[in-house]
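Assemble the whole structure, with the sequences as input and the hints as a guide.
Protein chains: 2
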Amino acid sequence: MKRTHNCGQLTQEHIGQTVTLNGWVQTRRDLGGVLFIDLRDRSGLVQIVFNPAYSGEALTTADKVRSEYVIAVTGTVVKRDPETVNPNLPTGELEVRITEIEVLNAAKTPPFFIEDGVEVDETLRLKYRYLDLRRPEMQKTLLLRSKASKVFRDFLDGEGFIDVETPILTKSSPEGARDYLVPSRVHEGEFFALPQSPQIYKQLLMVSGVERYYQIARCFRDEDLRADRQPEFTQVDIETSFLDQEDLLGMMERLMQRLFRETVGVELELPFQRLTYADAMGKYGSDKPDLRFGLELVEMNDIVATSGVKVFASVIEKGGEVKCLNAKGCGTWPRKEIDDLGPYAARYGAKGLAWIQVKEGEFRGPIVKFMSEDEIAAIKERTGAEDGDLLLFSADNKKVVADVLGALRLKIGRQLGLIDDSVFKFVWVTDFPLLGYDETQKRYVAEHHPFTRPREEDLPLFDTDPGSIRAQAYDIVLNGYEVGGGSMRIYKRDVQEKMFKTLGMSDEVAHDKFGYLMDAFEYGTPPHGGIAFGLDRLVMLLAGRSNLRETIAFPKTASATDLLMNAPSSVEPVQLEDLHIKLALKPAADKKPAQA
Amino acid sequence: MKRTHNCGQLTQEHIGQTVTLNGWVQTRRDLGGVLFIDLRDRSGLVQIVFNPAYSGEALTTADKVRSEYVIAVTGTVVKRDPETVNPNLPTGELEVRITEIEVLNAAKTPPFFIEDGVEVDETLRLKYRYLDLRRPEMQKTLLLRSKASKVFRDFLDGEGFIDVETPILTKSSPEGARDYLVPSRVHEGEFFALPQSPQIYKQLLMVSGVERYYQIARCFRDEDLRADRQPEFTQVDIETSFLDQEDLLGMMERLMQRLFRETVGVELELPFQRLTYADAMGKYGSDKPDLRFGLELVEMNDIVATSGVKVFASVIEKGGEVKCLNAKGCGTWPRKEIDDLGPYAARYGAKGLAWIQVKEGEFRGPIVKFMSEDEIAAIKERTGAEDGDLLLFSADNKKVVADVLGALRLKIGRQLGLIDDSVFKFVWVTDFPLLGYDETQKRYVAEHHPFTRPREEDLPLFDTDPGSIRAQAYDIVLNGYEVGGGSMRIYKRDVQEKMFKTLGMSDEVAHDKFGYLMDAFEYGTPPHGGIAFGLDRLVMLLAGRSNLRETIAFPKTASATDLLMNAPSSVEPVQLEDLHIKLALKPAADKKPAQA
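Taken in order, these protein sequences are the chains called A and B. The first sequence begins at 1 in full-length UniProt numbering and counts up one residue at a time. The second sequence begins at 1 in full-length UniProt numbering and counts up one residue at a time.
Read the hints as simulated data drawn from the structure, not as lab findings.
Listed next, the in silico DSSO-like pairs over lysine-lysine satisfying Cα-Cα at most 27 Å (straight line):
hint: 1; chain 1: A; residue 1: K127; chain 2: B; residue 2: K513
hint: 2; chain 1: B; residue 1: K108; chain 2: A; residue 2: K501
hint: 3; chain 1: A; residue 1: K501; chain 2: B; residue 2: K127
hint: 4; chain 1: A; residue 1: K359; chain 2: A; residue 2: K336
hint: 5; chain 1: B; residue 1: K318; chain 2: B; residue 2: K398
hint: 6; chain 1: A; residue 1: K498; chain 2: B; residue 2: K127
Next up, the structure:
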């Protein structure tokens with residue numbers, strides 16, 4: 001009984017036709033000896049009917065089927081009686097009168113209902129992922145992801161990019177996150193590493209003259225996981241030669257435009273907004289600002305440098321800064337609610353949170369009495385404070401001020417309903433600093449990665465002030481999520497050597513780990529640069545979900561466990577012997593408690 | 001100086017235009033103060049000219065460039081003088097008169113010439129892979145591979161297949177080849193395994209109702225390598241629900257037809273030939289027969305069962321078989337050449353090789369005197385032996401006879417020039433045995449894998465004669481290479497349990513390793529089956545190459561080494577500590593010699 005049609009694709013035009021359907025029993029209802037089954041396949045649902053009047057033996061068989069049985073049926077498509085039409089179903093005006101049935105496989109009662117919106121513990125969903133994926137919203141997400149990959153490929157192929165696969169068994173590198181390692185059997189005591197990204201390979205492909213490369217590549221990071229991290233993740237990896245940053249950004253905007261058009265039918269306006277890193281941090285307290293709403297941070301230093309509010313003046317004296325966020329309309333909040341912002345701000349490093357309510361044209365609040373009239377007038381003017389507003393002040397070093405007010409901005413934006421969930425708001429953040437200073441390691445670290453090209457005019461700063469070198473690096477931010485990032489790369493050996501040195505890498509280590517790359521730079525390496533998009537996260541946003549695991553067919557938990565297969569798992573001693581390793585377990589007493 | 005055109009794409013229509021090119025210096029010649037450079041980019045070559053008459057300062061700069069320098073140039077496209085036209089170059093009637101040049105990067109003299117056909121040690125090529133890939137034939141292969149992947153995707157997408165990514169960090173499985181293992185940091189003493197294929201995941205996707213899945217998937221096997229094996233390889237992985245074997249094979253033939261049409265412009269005739277495993281082994285001594293030529297093996301048992309040639313009679317008595325290969329026209333070979341076939345056959349297990357020359361209508365050779373006239377007449381008739389032919393006989397058990405005559409058939413086919421390299425000859429080999437008996441392990445092993453569905457009518461044989469169960473398994477063979485294979489899968493728990501049991505797996509191991517799969521079979525699993533194509537091998541054949549490494553951008557050597565990055569490599573002690581393992585190296589004296 002071979003399928004002739006898909007359940008969800010039956011329409012008026014099939015009325016009168018004999019069709020054979022294959023699928024799963026969604027629901028069954030017995031109404032006075034007539035059996036109604038909603039039959040489900042990937043395309044959707046259709047109602048099939050077994051009636052003594054025309055179903056004969058098939059009714060007897062059908063009587064035994066239960067939810068999630070797999071069946072094949074043959075019957076005639078008819079129009080339903082008007083009173084039985086189901087307006088919630090695309091096929092709701094039809095039903096199929098069955099004359100033949102074959103049970104292809106039986107099913108036990110599943111541990112949860114196969115339907116959307118059902119409240120199930122995620123642990124159970126992951127253990128029975130093969131049932132969870134049957135739910136329509138999961139099927140839809142799988143389809144969306146497949147479609148998104150296809151659009152990326154079609155666009156890039158059209159622009160002359162070549163899809164090149166790079167190795168998964170590669171070399172451990174000292175920079176970046178922790179590597180997953182793979183012991184070598186052939187080379188005793190040596191290890192492969194799974195790639196954190198195909199970064200070096202794609203640069204070598206540029207050295208190879210490939211000119212335009214892409215790959216939808218699996219990447220691996222052995223880090224403690226957060227809700228939006230997975231130990232293995234997928235990036236759309238892109239690299240070009242001879243293009244400059246502007247060329248590349250423009251091309252990527254067209255890529256995003258096509259992606260959103262062809263997957264969710266949204267027409268993005270080009271060009272995307274641009275913000276320098278400095279502006280993004282200054283105005284939004286974040287290098288991935290959500291620009292679906294305003295609530296910009298306001299500079300206060302010049303106004304409050306000599307303020308009677310001691311903490312303001314002293315912070316500024318010590319080289320810190322004071323900024324203000326005008327939480328429009330929040331001045332009418334009850335005192336308790338305002339006070340609750342303090343502990344929230346503290347999570348982001350704030351030692352305190354000063355605030356002013358605006359009521360009847362007046363500033364009110366504990367700090368107001370320390371302020372001069374000029375100061376109050378200047379603050380009022382610059383923040384545009386009006387009756388009912390709440391001014392929130394953070395005074396600290398730059399980073400804390402950004403973190404605190406950036407977080408409060410998001411919290412208040414959400415609370416005030418300023419965020420339109422139907423909007424996709426892209427912004428490029430550019431001109432990232434090349435290096436950050438790591439106080440723990442007492443050395444500079446690469447903000448993007450050690451292959452990022454400095455701005456030409458900042459090169460002399462390597463010798464005087466490395467921390468202020470600007471990188472030719474950019475992130476693409478969507479609704480407050482970083483969905484991609486990249487840079488122009490270093491392509492000259494002397495600059496790369498300077499970079500490694502500034503990162504505190506000895507010549508020996510640099511040569512051992514990246515010698516081949518620096519060698520490569522000497523054989524005619526073109527100027528090049530690229531970008532990588534986080535596919536999991538992009539699909540999450542396209543699908544309107546808030547958890548990366550919803551976009552991955554077989555994800556791992558926060559403790560990097562595959563609950564379905566029960567991996568990782570113990571292995572046979574002979575397997576370890578072959579790999580020239582043995583276990584080095586901590587004594588039980590010393591063990592950390594197992595992670596959830 | 002942004003590129004306006006690609007070197008290889010300049011044509012007559014650009015004559016008179018000012019163009020900017022970016023690329024690499026292929027060659028430079030100085031003819032009396034005029035400098036000719038062949039400039040190369042991904043698209044090809046074009047000659048550019050620096051002449052004091054129009055190049056000015058640019059000539060001074062150009063004078064310093066050497067092979068593989070990266071430059072940007074601007075100039076005017078002109079027609080070459082007729083006597084300087086280069087008919088070997090698509091752009092050979094043109095040259096570009098340069099007025100501006102910028103050196104983007106310098107280059108040392110490369111360790112080998114960047115051109116096709118150059119004889120370079122492969123070790124050197126792999127160490128400098130980024131230069132090796134600049135050679136036009138390597139660029140062409142990369143492009144071909146990218147194109148092939150795209151055609152697979154376009155076809156499968158058009159047929160409603162969904163591209164689903166499955167995990168790389170998965171679970172070690174007891175069947176199959178040796179796993180690559182990845183120690184877990186979070187779960188002490190436990191390991192992930194890299195997948196040998198996404199087999200189980202794709203079956204679970206069928207349980208999930210995905211119905212049509214594909215993925216161009218990386219797979220891993222930690223085996224000793226041969227010329228046509230790599231530790232990581234790529235397969236086009238396909239799985240379907242509700243289709244039977246015939247549906248699937250037909251669809252895959254259309255896929256191959258489109259692939260060959262769109263990559264190499266060859267029109268394959270459908271349907272492909274079919275051979276059962278038994279026929280393939282019987283007629284060609286191979287389960288991956290090269291059908292570009294005939295030379296079929298001929299059954300002799302009935303004719304020589306009572307032969308005076310003792311070895312024939314005794315082999316048959318012991319249940320073995322005798323077969324003959326008529327090497328057409330080889331009867332005139334010098335005796336030495338015929339005798340040399342003996343040692344060749346011995347490599348495939350032959351204890352001896354009997355032969356007969358046909359001369360002037362007569363059989364000649366050492367064994368002829370033991371044969372009766374009837375026997376000779378019967379052999380002559382069945383083999384179609386004519387003057388000048390050479391009959392080669394193998395008498396042994398079935399496997400040795402197939403191996404020996406299968407190998408001789410290929411050798412002689414090649415030697416006689418019977419193989420047309422321009423032909424792509426596909427054949428499906430079907431009805432593989434489900435199980436083979438492993439004499440070392442004293443148990444049955446899965447010929448395909450343990451999830452392969454037996455033919456319905458053979459199911460009772462599990463209890464009586466498992467070795468004779470036929471599988472619903474098929475290989476797709478091209479010119480003697482297996483380029484893909486698959487099967488219909490078991491989808492009922494009781495059959496899967498029987499299979500595991502027959503493989504000697506205890507209930508406990510079966511449950512531990514595959515419990516989730518057998519559980520899944522109880523929740524409404526549709527009939528399903530699929531196939532996987534070896535992308536590396538297919539591209540190798542499409543490109544007319546004979547080494548898998550030529551089709552992979554960054555391949556590993558036969559000892560699983562990445563010569564470019566020098567991986568695998570030693571790692572820091574703290575990395576191992578984090579992973580709860582330590583090295584267990586053999587004492588030096590006990591070490592095996594390092595593999596090449």
